[in-house]
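Residue numbers (the numbering used here), protein chains in the order written: chain A, 681 to 936; chain B, 681 to 936; chain C, 681 to 936; chain D, 681 to 936.
If you're looking for bench data, these hints aren't it; they were derived computationally from the structure.
Bear in mind the structure is a predicted one, so any value in this text is a computation, not a measurement.
Keep in mind that a hint or two might mislead.
Repeated chains share a single entry, so a pair holds when one copy, or any two copies, can fit it.
[Claimed, not checked] The list that follows gives simulated cross-link-like pairs (lysine to aspartate or glutamate, EDC-like), each with its CA atoms no further than 16 Å apart:
#  : residue 1 : residue 2
1  : 783       : 817
2  : 783       : 820
3  : 816       : 840
4  : 758       : 807
5  : 783       : 733
6  : 858       : 891
7  : 930       : 733
8  : 758       : 873
9  : 816       : 838
10 : 858       : 899
11 : 858       : 765
12 : 930       : 920
13 : 930       : 682
14 : 858       : 804
15 : 931       : 920
16 : 760       : 806
Listed below are the residues making up each chain.
Number of protein chains: 4
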Amino acid sequence: MEISSIDINCDLGESYGNFQVGNDAVVFPYLSSCNIACGFHGGDPLTIINTIESAKRYGVTIGAHPSYPDLQGFGRRKLKMPAADLAAAIQYQVGALQALCLKTGMRVRYVKPHGALYNTCFSDMEECRTVVNAIKEMDDQLMFMGLANSLMASVATELDVPFIAEAFADRRYTSDGKLQSRRIAGSVITTPEQAVEQVRQMLLQGTVTTDGPAAFPIEPMSICIHGDNHAAEGILMALDALLTELGIEKKACVSS
Amino acid sequence: MEISSIDINCDLGESYGNFQVGNDAVVFPYLSSCNIACGFHGGDPLTIINTIESAKRYGVTIGAHPSYPDLQGFGRRKLKMPAADLAAAIQYQVGALQALCLKTGMRVRYVKPHGALYNTCFSDMEECRTVVNAIKEMDDQLMFMGLANSLMASVATELDVPFIAEAFADRRYTSDGKLQSRRIAGSVITTPEQAVEQVRQMLLQGTVTTDGPAAFPIEPMSICIHGDNHAAEGILMALDALLTELGIEKKACVSS
Amino acid sequence: MEISSIDINCDLGESYGNFQVGNDAVVFPYLSSCNIACGFHGGDPLTIINTIESAKRYGVTIGAHPSYPDLQGFGRRKLKMPAADLAAAIQYQVGALQALCLKTGMRVRYVKPHGALYNTCFSDMEECRTVVNAIKEMDDQLMFMGLANSLMASVATELDVPFIAEAFADRRYTSDGKLQSRRIAGSVITTPEQAVEQVRQMLLQGTVTTDGPAAFPIEPMSICIHGDNHAAEGILMALDALLTELGIEKKACVSS
Amino acid sequence: MEISSIDINCDLGESYGNFQVGNDAVVFPYLSSCNIACGFHGGDPLTIINTIESAKRYGVTIGAHPSYPDLQGFGRRKLKMPAADLAAAIQYQVGALQALCLKTGMRVRYVKPHGALYNTCFSDMEECRTVVNAIKEMDDQLMFMGLANSLMASVATELDVPFIAEAFADRRYTSDGKLQSRRIAGSVITTPEQAVEQVRQMLLQGTVTTDGPAAFPIEPMSICIHGDNHAAEGILMALDALLTELGIEKKACVSS
Chain A
681 MEISSIDINC DLGESYGNFQ VGNDAVVFPY LSSCNIACGF HGGDPLTIIN TIESAKRYGV
741 TIGAHPSYPD LQGFGRRKLK MPAADLAAAI QYQVGALQAL CLKTGMRVRY VKPHGALYNT
801 CFSDMEECRT VVNAIKEMDD QLMFMGLANS LMASVATELD VPFIAEAFAD RRYTSDGKLQ
861 SRRIAGSVIT TPEQAVEQVR QMLLQGTVTT DGPAAFPIEP MSICIHGDNH AAEGILMALD
921 ALLTELGIEK KACVSS
Chain B
681 MEISSIDINC DLGESYGNFQ VGNDAVVFPY LSSCNIACGF HGGDPLTIIN TIESAKRYGV
741 TIGAHPSYPD LQGFGRRKLK MPAADLAAAI QYQVGALQAL CLKTGMRVRY VKPHGALYNT
801 CFSDMEECRT VVNAIKEMDD QLMFMGLANS LMASVATELD VPFIAEAFAD RRYTSDGKLQ
861 SRRIAGSVIT TPEQAVEQVR QMLLQGTVTT DGPAAFPIEP MSICIHGDNH AAEGILMALD
921 ALLTELGIEK KACVSS
Chain C
681 MEISSIDINC DLGESYGNFQ VGNDAVVFPY LSSCNIACGF HGGDPLTIIN TIESAKRYGV
741 TIGAHPSYPD LQGFGRRKLK MPAADLAAAI QYQVGALQAL CLKTGMRVRY VKPHGALYNT
801 CFSDMEECRT VVNAIKEMDD QLMFMGLANS LMASVATELD VPFIAEAFAD RRYTSDGKLQ
861 SRRIAGSVIT TPEQAVEQVR QMLLQGTVTT DGPAAFPIEP MSICIHGDNH AAEGILMALD
921 ALLTELGIEK KACVSS
Chain D
681 MEISSIDINC DLGESYGNFQ VGNDAVVFPY LSSCNIACGF HGGDPLTIIN TIESAKRYGV
741 TIGAHPSYPD LQGFGRRKLK MPAADLAAAI QYQVGALQAL CLKTGMRVRY VKPHGALYNT
801 CFSDMEECRT VVNAIKEMDD QLMFMGLANS LMASVATELD VPFIAEAFAD RRYTSDGKLQ
861 SRRIAGSVIT TPEQAVEQVR QMLLQGTVTT DGPAAFPIEP MSICIHGDNH AAEGILMALD
921 ALLTELGIEK KACVSS
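Let the hints inform the model, and build the full structure from the sequences given.
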C-alpha cells in the first residue's frame, strides 16, 4: 500500500437557527471535503447557504449529508421509513443542497448519509440499495461516501456508483469493521495522540485496532473527523503534521 | 382588451404524509399550470415527486409554491422572519423542487408564494422585494406569479423579473384589488356559476367586482382555482365551457 | 363466556391544523371511549381541546393516544428512541392531554399507544415495559389499553397496571393474534357485514379468524373501530344492532 | 421604596435533543425561580423532566415559559396566530409542564411568555389578554410574569391575575420602558459591572436608564438573567454580592 494523497472530511452546517452545533469556522481551514447537513437533522436554510459560501472560500469539496427526518434526535435514531419515502427524502435533501450550491457556483460532488441512516447503510443491504439508487437517480456523477470495507462499498460497486471509502480518526471500531455505538463509553476518541495513532496505522499498515483480538483491514480514501468533538482542532492539526511527516498530500477525492 | 389565451393554475401537492389535502387527481386534467408545495406548509418529498410526475403526464407547467415554515398553520399565518432567513427559506424550497423536477425531465418555470407569504407580498414592499430577489438570484429565467395589478407586479417590474399576473376565480376582492380575508364569511366562492361570472367579467371587461362601490381593474394572464374548494371540479368544467364560448385558448404562460 | 357489557373505542382528534383526518363528528355518538391524539402524530392543541369538549358532551370516556414524534409518518413508522426519551415523550403527551382535560372537568382514564408504538408494544417486551412504567409513574389510576391476549396484557399484569383488552372490528389478525400489517392488501376490513361477523365471533366464541389455519382466542373488553375507515359509520351502526341483538350493553370500562 | 427581598429568574431547559443551549447547571444554584421551556421553541420532553428535577433539587420555583410554535426561530419570530389557536397552544404547553411537575412533586407557579410572544404581550393588548385569559382558565392560582410597568401589568390587573413584575439585568431599555431589540448592537449587556449597575439603580432609585434622555420608572419583583449570556455566571455572582451589600434577601415571589 502506497498512498500519495488522502482526503480529510467533516460534517458541517449542522446548526439549526439559534441552536449552534460544532465549530465550523475553526475546522474549515483544515478540510479538503465537507459534508453539509440538508435540513432534516440540522441545517436551516441560511446555515446551509453560509456553509456553502465558506466551502467555496476555503476551496473545500462539498458533499450532501442527508438524514432521516428527525430534528429532535439529530438523525441519530433509526426511523423505519418505507423505501419510496426514504428515497424521496434523500432526493429532496440532496436536491435542495445541489440547488443552493449552483447559486454559489459550487456543486454537490458526493453524498454521505448521516447518523442512524449511515449506520443502517452498513448493516442493512436493502436500505443501502435504496439510498444508493436514490443518489444515482438524482445525478449519475454523484459519488457515495461510506464506511471503508463495508456493505456500503459492496452496494456502491454493485450499483456502479463511484465510492469514497472513509475511515474515522475519532471513533473506535468493532471486530467486524463497524463503528462502535456512541452509547459505549470510550467509543469516541478525544485526544489528538490517539486519533493520530489510529490514522497512522490505517495509512501505514492498512488496518485499524478493534474491540476484538484482531485488527481489521481498512484502506481509506478519506479520513473523517467530527466537528463536535471538543478536540477537533487539535486532532486536525496533529493530522496535518502526520501527513507532512509521511509525505502524503491532503486532497479531496474529487475537486470542488 | 383582446385575449387569445389564458392560463389556469391551481395549488397542488399539498398533502403531507397521511394528511391528505385537495383533489389533485381530479383537477390535474383541467390545468395548464400547477403550483407545487415545497414541504414547508405541505408537500412531503414523495408527494412532491408524485405531483411532478403527474404534471409531466398531463403536460402541465410547474411553478414552485414556497411558504413560511408553518406546517401547523398550513402557511396561512404571517411569520415575521428576518429577510436573510426568508430568502434562504425560499431558495431552499424552490431549489428542492427544481432538483426533483430535473430528475423527471421537468423544470420549475415560475414561483408563486403561498398563503400568508402571498398576502404579505401584495402588502409589504420590502418583503416582496426579498422574495423576488431570492427568486432572481436562484435562476434568472424564473418568472414570478402574483396578484394582478398589485404591489407584486410593481416589484417584479422594478427588479426586472418576468411577472405572471393572476386573478382568482373563487375568491372575493376588496375595493383596493386585494383578496378578502378567508376569515370573512363569503370570501370564498363555492358555486361554478358565480366563479364563471367573476372570470367572464375579468376577461371581457377587465374588472372584478369588489366589496366596495366600484369594480377594480384587473387583466389576468392566469386564473387560479383552489383545489381544496369542494366545487373545484365544477368550477373548472364551467371555466372550460366559458373559454370555449369566448374562443380563448387555455395555455400556460410558459411551456412546461 | 358471558358478556354483559362491552366498550366501543375509536382514535379521534388526529387532525392537524388545516389537515383534516377522520370523521370525528360522525363517529362520536356511537362511542363509549375515545383515544385522543396528543400532538406528536396528529392533534394540534385546538383540535385536542375541541375533541375533549365533544367527549364531554357525548359522555365518552377519554384515553390518551400518544405516539412516536413523527407527524410526517402519522406515527406509523417505528422510531428507535432511547428508553428515557420514549418515557419522557409519553409523559409529555399524556400530561398535556390530562391538563387540558382537567380544564374541562374531564380526566384521562387510560392510555393507548398509537400506530408503530402500539405495534412495538405487542412485539417488544422491553419497550412495552418502558411505556407501561411511564404511564404508571404519571398517575397510578391510569389504565393501559392494548391488544387482547398479547404481550401488552402480560406486561400490564407484571407491572400491576389495570389493562383494557381491546380487539379490532376492522383489522385482520395473524395466526399469533397480532394485527396484520396495513401494507398487506385486505388487512383493513371495509364492510359492516364482515366487521360485525368478526365481532360476533369474538363475543360469542371468544375467538378471531386469522391468516393461519386456526382461530386465535380473544376475549375483548373493548372493540376498536378506525375513524378514518370510510365505512366507519356503517360499521358502528351495525355494531349497535349486534349489541342490541345479543343483549350486551355498550359501556366504557371506566366512567368518564 | 424599601425592598426586603427580590426574586432572580432565568429561562432554562431550552436545549432540544442534541442541540444544547444555555448553561443550566451553572446558573441553577444562583436562582430563586426558573422559567422552563415547554417544547415549542426548545425543551424536548426529557430535557424538561431533567430541568424540573434540578429545580426541585435546588429548591427553585418553577414557571412555564411557553412560546409560539417555532423551533427554527427559537420563538423569537412573531407568528400571527388566531386567538383560539394561541390560547390552545399556551394551555397545551403549560399543561404538559404542569403534569410533568406533578410527577416530581412540584408545581408550575407562574407563566412567563417567551421571546416574540413576550414582546407581543407588552405591545399588543388584545394578544396579551388572550395569553392571560388562557393562563387563568387553566388554573386560577397561576401568576403571570411580565415586564414591569408595562401593558402586561395592566392586563393582569384588569383580568385579576396576580402579576410578577420583572426587570432585566442584561438588556437595555427604550425610553418607553420596553426592551431594546436584540438586533440593535449593545442591546444585551455582557459585563457583570454594567448589569449590577443597572440592577442597583432599579433597586435603589426605582428607575432604569434608557436609550432616551430620561430614565424610566421601574420597580421589579424579579430580576431576569439570560442563561445563554456568556457572562451569566459572572452577572449572577455579582448580583449575589449586590444583594448582600444592600441587605436584600433573594427569594421567589411564590414558594416552589
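Evaluated hints:
Taking identical chains as interchangeable, the C-alpha atoms of residue 783 and residue 817 lie at most 16 Å apart only when they sit on different chains, with a minimum of 7 Å there against 22 Å within one chain. For the homomeric pair residue 783 and residue 820, the shortest alpha-carbon distance between copies (11 Å) is at most 16 Å, but the shortest distance inside one copy (20 Å) is not. Proximity of residue 816 to residue 840 under the C-alpha cut-off of 16 Å is restricted to the intra-copy arrangement: shortest distance 9 Å within a copy versus 37 Å between copies. Taking the shortest alpha-carbon separations for residue 758 and residue 807, both the intra-copy value of 12 Å and the inter-copy value of 15 Å come in at or below 16 Å.
Taking the shortest alpha-carbon separations for residue 783 and residue 733, only the intra-copy value of 10 Å comes in at or below 16 Å, while the best inter-copy value is 25 Å. In this assembly of identical chains, residue 858 and residue 891 lie within 16 Å of each other by CA distance solely inside one copy; the values are 10 Å within and 39 Å between copies. Taking identical chains as interchangeable, the C-alpha atoms of residue 930 and residue 733 are never at most 16 Å apart, the minima being 21 Å within one chain and 43 Å between chains. For the homomeric pair residue 758 and residue 873, neither the shortest alpha-carbon distance inside one copy (32 Å) nor that between copies (40 Å) is at most 16 Å.
Taking the shortest Cα distances, residue 816 and residue 838 sit within 16 Å of each other inside one copy (12 Å), while across copies they are farther apart (41 Å). Taking the shortest Cα distances, residue 858 and residue 899 sit within 16 Å of each other inside one copy (14 Å), while across copies they are farther apart (47 Å). Taking the shortest alpha-carbon separations for residue 858 and residue 765, neither the intra-copy value of 26 Å nor the inter-copy value of 25 Å comes in at or below 16 Å. For a Cα distance limit of 16 Å, the shortest separation of residue 930 from residue 920 inside one copy, 8 Å, qualifies, whereas the shortest one across copies, 53 Å, does not.
Proximity of residue 930 to residue 682 under the C-alpha cut-off of 16 Å is restricted to the intra-copy arrangement: shortest distance 14 Å within a copy versus 66 Å between copies. Taking the shortest alpha-carbon separations for residue 858 and residue 804, only the intra-copy value of 13 Å comes in at or below 16 Å, while the best inter-copy value is 25 Å. Taking the shortest Cα distances, residue 931 and residue 920 sit within 16 Å of each other inside one copy (12 Å), while across copies they are farther apart (54 Å). For the identical chains of this complex, residue 760 and residue 806 are intra-copy neighbours only, at 12 Å inside a copy versus 18 Å across copies, given an alpha-carbon limit of 16 Å.
In terms of the numbered hints stated before, the structure departs from hints 7, 8, 11, listed from lowest to highest.
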